[in-house]
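K.L.:
Chains X and C, in that order, are what the protein sequence lines are. Taken in order, the first sequence gives residues 1 to 485; the numbers are from the numbering used here. Taken in order, the second sequence gives residues 1 to 479; the numbers are from the numbering used here.
Calculated directly from the structure, the hints in this document are not laboratory data. Everything numeric in this text was worked out from a predicted model, so none of it was measured. Keep in mind that the hints are not guaranteed to be accurate.
Now the stretches of chain X that chain C is said to cover, found in silico as 3 or more residues with beta-carbon under 8 Å [unchecked claim]:
(1) 18 to 29
(2) 82 to 93
(3) 98 to 109
(4) 203 to 217
(5) 383 to 392
(6) 440 to 452
Listed next, the in silico DSBU-like pairs over lysine-lysine satisfying Cα-Cα at most 30 Å (straight line) [unchecked claim]:
(7) Lys376(X) - Lys79(C)
(8) Lys425(C) - Lys403(C)
(9) Lys447(C) - Lys84(X)
Ideal Cβ positions, reconstructed from N, Cα and C, are used throughout, including at glycine.
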Amino acid sequence: MELFELTVHELHEKLKRKEVSSVEVTKAMLARIAATDATVNAFITVCPEAALASAAEADKRIAGKEMEILTGIPLALKDIFLTKGMRTTCASKILDSFVPPYDATSWLKLKNQGAVLLGKLNQDEFAMGSSCESSAFGPTRNPWNPECIPGGSSGGSAAAIAAQQAITTLGTDTGGSIRQPASHCGCVGLKPTYGRVSRYGVIAYASSLDQVGPVTRDVRDAAIMLGAVAGYDPLDSTSVERPVPDYLNSLQPDVKGLKIGLPKEYYIDGLHPDVKKALELAIETYRGMGAEFIDISLPHTDYAVACYYLIATAEASSNLARYDGVRFGHRTSESCGLNEMISRSRDEGFGAEVKRRIMLGTYALSSGYYDAYYIKAQKVRTLIMQDFLKAFEKVDVILTPVAPTPAFKIGEKSSDPLQMYLSDIFTIPVNLAGTCGISVPAGISKDGLPIGLQLIGKPFCEETIIRAGYAFEQATEWHTKKATL
Amino acid sequence: MEFQPVIGLEVHVQLKTNTKIFCGCSTQFGASPNSQTCPVCLGLPGALPVLNKKVVEYAIKAGLATHCNIAPRSVFARKNYFYPDLPKGYQISQYELPICEHGHLDIEVDGIGKRIGITRIHMEEDAGKLVHSDVPGLGSGSGVDLNRACTPLLEIVSEPDIRTADEAVAYLKKLHQIVVYLGICDGNMEEGSFRCDANVSVMPVGSDTFGTRTETKNVNSFRFVKQAIEYEIERQIEVIEEGGKIVQETRLFDPDSCTTRSMRGKEDAHDYRYFPDPDLVPLVISNDWVEDTRLGLPELPEAKLSRYQAELGLSLYDAEVLTASRELAEYYEEIIAAGSQAKAAANWVMGEVTRGLNDNGLAITACPVSPALLAELLALIDKGTISNKIAKTVFDEMWQSGKRPEEIVAEKGLVQVSDTGEIEKIIDEIMAANMGQVEEFRGGKEKVFGFFVGQVMRASKGKANPAVVNDLLLVKLKG
């Protein structure tokens, strides 16, 4: 087995036993990136010198027996995480030369453990998209089939895992941006409960929906990564002050008596036959392990996409106002007055999808429309939350598809935003409800593309979805399938 | 036609916290540009606001002092607009659910009392400022200084209950006095710690429908407020009388010409697209917090004013002068606490102390004579050790040297002479040297009595007890 194929826990053991050094693994990763990224385009920025320097530091820590679980592990971050001294673009031209003066809290926690940062990963511009096509740095390609999208917005995170360019990665999920690309690339993607992980230093798209989470090779790695980044942060008022459990304790292949809900609104006619088949097989697998299935209803599911595109764009229209060309980021080279300078800089700096969402959100908040759109959407959001809380009175987890279809072709939906928006129909409600979800590999389509299943848990019950995901992984072999580049 | 002006005021009070409202940067005035900034107040990507608890405490204080209801749950909202001094492209403020509502202030103009309603008080962050010249290395460009960005403000909005410029000034002075008394604002109007926007309209007397209003921005002294409002009332009446219409607009006061001019019209008005800030959770204030804060409130000027009259027996005038600032009142109260008589202490504070401060351009907090030492001085007068007149000399010496009054009296031999033998001797000498005047007195010209008092006091270098001098002189002159 090549070094770059290892999981976090496998590599940790090897490092601990001194079978390999962090510098050796880091070199192997950098070589793998160099060999594959012309095809995949998962990275916006690769930083070999910095990576090798931190790997050398990590090796010293390992020698000095100050090792933690992520010490010396080469990883990569979605380019939405601020990294002190390293360019952070959010895949936008408007930030193409932005070098942050501080680190995101989640990255700082990994850094303090001695993790090695290989570089920054591609994504949809400002995390707005489901295909990684809206990046100003060109689309990322799916390692399973380079003609296909890797999913989005954390497409680079999932593609880097599938292409074995990083041992582990972090992404962010606002409407499915971790789970959907994880599903399309055959990885594990975990979106924690809102407030579980600090958002400080993560470039905001939609503040009430954004959440940091891992994209990994298996469920154990997801548990390790969540444990490393979770917890209250005094710098983020929306992070929640409650203890972080040891998620490794949840890695039990035992779902006997687990009550799994199947929402009828998620098993629809439009579901791709391969996705449908994968889900049916998964249900059988769980049933075989002693899980109990209960039909449930999440009646407001139909309104979720509309609700999301009002709330997320409203918040985004305000969050993205700071990119005005005054203090940082792109400024137009045209010489003009103040207002024109601001609008030209934004016009030149933002891509089409970002502009579309800023306009949509600005409209939703405008006087005269605010009640009809933004307030109405907030009310719908409350109903969707209540749907989940009610369902969770009867079940422990909810099992659904991640996306209606496997990865589609690059360009296939980019001219039809509405079709693109509908590809997040199964993941968006989880963000609106503020609860947690995980995507676990559950099949391969006839065309050879991965298919994931989604397990949705109660708020702050990441342990339950980790246990259910781990049990499934132990009973199947989907997570061992690899893309051949 | 007679017109009735209608005025409402929006006051921005800069809070005297050490750090900013949403980050830990210093709020110190006058630092070099952008030296007091961090990712949060610079509005860098990924930065998030964290509410300063002190700001909430100060807002509760302001609310309680102005008889407002304190909301158990209030919400921060984003006010969206583009301007280079606004780093995030929105200002964090409060909109639909402010922290305080439904208060009032009682004012008095020409002896007539009036209650002015307070609609709301909310917390918000200040913007930075633009610098267009006088900045080395800036050349012809404009610079942005974000030291002030994220400084905590309270916006206090009055009901349109005010009818004259004088009422407006009385309201503002009262409000100013309260926030300074509470210790939540330094009250410095020149540095912009207390600034006012005035909403003015006029309507025909007897009408109950308000006219179209204009908003005059950033009037930063009591005098300017009066001038701006008076000008605006006059201008609006003139427009209407000439058959014109008032347009709703924002105007700017020009202190040089004492006029206002249009800044932007209604059509240029922003749609601020307020919505709840998703980065901040709703602010929940427990009843305990409110009640604890209420217990910690200082005695407010209104209460002091009546106490000084009722308990200390001061006149309304004296009580007003002494309660004008919290520091002056505290200085005065410390003298009383050290045992001095209320009236005597009041005379000294309003007399010698105030004169000394004015001559030296000092604030009461920098007064070189402490209340305790001033009380000692008053005790010496009381005991008859020194006269009121000598006490003034001693006070000057205390001001210069900081020494205790007893020490000065002893050093300079200023103890009052009440020894009749010693004084009699002086009187005899003076009478012997001025026989002519003695005869005049005895001939009925009683006015020369004053001359003898003066001579005796001079000869004793002011130390003779004036009462004893009076008594003895009268006896001796009458023969």
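K.L.:
Give a verdict on every hint.
P.N.:
Comparing the hints with the structure gives:
1. 18 to 29: violated (count 0)
2. 82 to 93: holds (count 3)
3. 98 to 109: Contact hint for the stretch 98 to 109 of chain X vs chain C: holds, 5 residues under 8 Å.
4. 203 to 217: holds (count 5)
5. 383 to 392: The restraint on the stretch 383 to 392 of chain X is violated, since only 0 of its residues have a Cβ under 8 Å from chain C and three are required.
6. 440 to 452: violated (count 0)
7. Lys376(X) - Lys79(C): Judged against 30 Å, a Cα distance of about 20 Å means the pair holds.
8. Lys425(C) - Lys403(C): Between lysine 425(C) and lysine 403(C) the Cα gap is close to 33 Å, so the pair fails against 30 Å, i.e. violated.
9. Lys447(C) - Lys84(X): 91 Å, violated
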